[in-house]
Amino acid sequence: MVKIDNSPARGTRDLLPTAVAVRDHVLSTITEVYGRYGYQRIETPALERIERLSGGQGGENEKMIFQVLRRGLPERIEADTELAELVDMGLRYDLTVPLARFYGQHRAELPTPFRSFQFGPVWRAERPQKGRYRQFYQCDIDMVGEPGMLAEAELIEATTQALNRVGLTGTTVRISDRRFLSALASEAGVPAEAQDGFFITLDKLDKVGWDGVAAELDKRGFGPDVVSAARDRIEALGEVPGDKLVATLSDVLPSLPQAVLDDLATTAGCLSDIGTQHGVTWEFDPTLVRGMGYYTGHIFEVAAPGAAGSVAGGGRYDNLIGRSLGTDVPACGFSIGFERIVDLLSEPPARDRLALLYDTDVPTSTVLATARELRTGGRAVAPVGRSGKFAAQLKRLEAGGYRAFVHLRADGDGSLEERPLRGDD
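Residues 1 to 425 (UniProt numbering) are what the sequence shown spells out, left to right.
Fair warning: there could be bad hints in the mix.
Said to hold, decoys possible - The calculated lysine-lysine pairs, modelled on DSS-like cross-linking and capped at a C-alpha distance of 27 Å, are: (1) K204 with K63; (2) K207 with K219; (3) K63 with K244; (4) K207 with K63; (5) K207 with K130; (6) K3 with K63; (7) K130 with K204; (8) K219 with K204.
Claimed, not checked - Now the in silico label distances, taken between C-beta atoms and shown as ranges: (9) G275 with G223: 37 to 45 Å; (10) E51 with R132: 25 to 33 Å; (11) A215 with D14: 18 to 26 Å.
Because the hints were derived from the structure by calculation, they are not lab data. Beta carbons: idealized from backbone N, C-alpha and C, even for Gly.
Working from the sequences, and respecting the hints, build out all of it.
Below, the structure written as structure tokens:
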């Protein structure tokens, strides 16, 4: 018999019960918090039409779409056949693009504003490496139909509270605005058609420093005057206190529209209140860009102690939904880095799981009846047949997440003595 390779597909992974227990705990906690803020869970398909996924709004992610061949293709394809003739769908690379389609389809059935919550796998055909997979889970919260800063403030409050409840305390919210970035680029001498490349490079500042940014901008055709002008303005906005943010922005970027200043002032006030109530700190980060092309206003990320990158991020995307409706719909969303949070926690939550160890000659009906009795009150109980050395079996049960055991013996008196799992007997 030929041995078959049982490893999962490259860039994917299997999850053992202890790992799933951590994930279930994180998801249930986040779901409970978002539910208290009025967000309702929806589901969207893993597959989307390829033209929607490749519509130019997904940034670098559009280069990593897993494309799906059309049904009914012949076994042999002509050599000069265009790829577009072979592909009609793709696996979603995030949950925001599917939400935009979902809202366009069901708008008449949904309240305004619509508060949605999504959780599910997404796929990106990138090179697998430690901590990066081709299939991973995202957890999104969005408010659709609210044009005011209520959306930003509520999303930030709900998300930071969800992270706090999960166990990530001491978080810091970083805020910026795409309109601010456009004004910054314009005043630095970057033409509108070249700003996307400018932003992509600027987003690497925390990784490569100003020397690295300057070198890459030079390759993109930006001269030293552009780099110097952008750097001067960015450094002038570093570590600005919240109560002085608007005044400083107005001085540093005179071309910044008053509407942007008003929005930032509102957000700053709300974040100060949230910080007072919940202990969340925040800062304005003039170098925060975020890679998605659909953002139109505020953008934000959440950093946590011990995390190499952000643990959540999002922003306002007022134009994305309107692309399929023919009319713009205001929208704002937050995506929690579910996989990163799970890795930070690593330990499964304590659960009161009881193993019912039974000898092989105990009747099956007795085993089931005993387990049924022990489950009274909602406790998790699993019958497990005795096998091998007793101490070794207890160690296996402990590793599997059980906290205690009851030994059901064929020659016993029927008493059900519960004992903690310590790996010995």
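Notebook entry, point to check: Which of the listed hints are not met by the structure?
Noted result: The structure breaks hints 3, 6, 11; every other hint is satisfied.
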